[in-house]
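Model the full structure from these sequences, guided by the hints.
1 is the number of the first residue of the sequence shown in this note's numbering; add one for each residue after it.
These aren't lab readings, by the way, just hints derived from the structure by calculation. Do not take every clue at face value.
Said to hold, decoys possible - In silico BS3-like pairs for lysine-lysine, Cα to Cα no more than 25 Å straight-line:
#: 1; residue 1: Lys121; residue 2: Lys51
#: 2; residue 1: Lys17; residue 2: Lys121
#: 3; residue 1: Lys51; residue 2: Lys17
#: 4; residue 1: Lys218; residue 2: Lys118
#: 5; residue 1: Lys121; residue 2: Lys218
The structure presented is a predicted model; accordingly, all values stated were derived computationally and were not measured.
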Amino acid sequence: MADREAHAPDAFNHQPKIVLDGEGPLLLDSGVSLAPLTITYQAYGELNAHKSNAILVCHALTGDQYVGGVHPVTGRPGWWDNVVGPGRPLDTDRYFVLCANVLGGCMGSLGPQEGDPKTGKPYALSFPVVTIGDMVRAQTRLLDHLGVEQLFCVIGGSMGGMQALEWASRYPERVFSAVPIAAAARHTAQNIAFHEVGRQAIMSDPDWCGGDYLSQGKRPRQGLAVARMAAHITYLSDLAFHRKFGRLLQDSREITYGFDAEFQVESYLRHQGSAFVDRFDANSYLYITRAMDYFDL
Numbered sequence: 001m002a003d004r005e006a007h008a009p010d011a012f013n014h015q016p017k018i019v020l021d022g023e024g025p026l027l028l029d030s031g032v033s034l035a036p037l038t039i040t041y042q043a044y045g046e047l048n049a050h051k052s053n054a055i056l057v058c059h060a061l062t063g064d065q066y067v068g069g070v071h072p073v074t075g076r077p078g079w080w081d082n083v084v085g086p087g088r089p090l091d092t093d094r095y096f097v098l099c100a101n102v103l104g105g106c107m108g109s110l111g112p113q114e115g116d117p118k119t120g121k122p123y124a125l126s127f128p129v130v131t132i133g134d135m136v137r138a139q140t141r142l143l144d145h146l147g148v149e150q151l152f153c154v155i156g157g158s159m160g161g162m163q164a165l166e167w168a169s170r171y172p173e174r175v176f177s178a179v180p181i182a183a184a185a186r187h188t189a190q191n192i193a194f195h196e197v198g199r200q201a202i203m204s205d206p207d208w209c210g211g212d213y214l215s216q217g218k219r220p221r222q223g224l225a226v227a228r229m230a231a232h233i234t235y236l237s238d239l240a241f242h243r244k245f246g247r248l249l250q251d252s253r254e255i256t257y258g259f260d261a262e263f264q265v266e267s268y269l270r271h272q273g274s275a276f277v278d279r280f281d282a283n284s285y286l287y288i289t290r291a292m293d294y295f296d297l
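Structure representation (C-alpha cells):
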C-alpha cells in the first residue's frame, strides 16, 4: 500500500501527517511489529535539485516538530525559532530543515494517545515500549518517503542529541555530519532515578486510571506537573540554581510559616509544572523517558 497524507483531527495532530505503510510494519527493538506507522513533521526551506541540503533536527523529551514559526498549541515561537529560519544558523534560504515528532510522542506521530485500529480506543499502555533506535528507524521511513537519501546534518539537544548519535552510529552512510548537543551515550543511574520519580508521580495520580485516562475523560495533571518539576531540577546545575534563585523569597521579606510557594525556586518549579500539562500527554512522558533510559550507545 502506498504511503499517504492524512488530515489532522485535533490540536495534538498537525499537518503534515504521513501514514508510512508502504514498507509494511515497523519492526521495533522489542520484537513487536507496529502498523500503520504515522509520523507528523514540519519542513522549512526547500530541498535542492541534488537533494543534498537536508538537515534533520531531532527534538528533546518534551519538544515537538514545531522548531520555528508560531507553535499552533502554545501560540509562542517554536522551540528553536532563533536558530532555524532565513539568515539564521540553520538557514532556510540554504537548507531544507525537517523536524518530526518522535515515535511515541503526542503531537500527531504514532504514540500511546493515538487510536488503536484494533479497538478504536487510544493505545494507552497497550502501545509497545519504544527505543531511541525505533524513533530513528521511523525517521528513516519519513526521509525515504520524501526522497531524501542523505542528510547534510542531523542535529539535536538532549534526547535529540541521542537521536543524532544513533543516526551517526546506525546509518553512517546517510549522514554527512552529526551535531549532538548536551547529550550522552547513555544515562547514569541518577538520570534514570530522576525519570523514575517522574514516572511514579504520574502513575500515582488517581486520574491516571492505569493509563486509560483518555477513555475515561480524565488526565493526570497533578502527577504530570510533579514529573515536570522533578525534571527541571536536572536542567540546571546546583550553581545555576544558586545564581538564579539563591534563597530569595517570592513575594515578601519575611517567611509566612506556610506551604505556599514561598521561595522563588518553588514558584519557578510550580510554574514549569502547571504550564506543561496542557501541551503534553502523560503516557507519552512515560514512554519517552523510558526510551532515554534504555539508550546505550
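Hint by hint, here is what the structure shows:
no.: 1; hint: Lys121 - Lys51; verdict: violated, 39 Å
no.: 2; hint: Lys17 - Lys121; verdict: holds, 20 Å
no.: 3; hint: Lys51 - Lys17; verdict: holds, 21 Å
no.: 4; hint: Lys218 - Lys118; verdict: holds, 22 Å
no.: 5; hint: Lys121 - Lys218; verdict: holds, 14 Å
Hint check: a violation occurs at hint 1 only; the rest are consistent with the structure.
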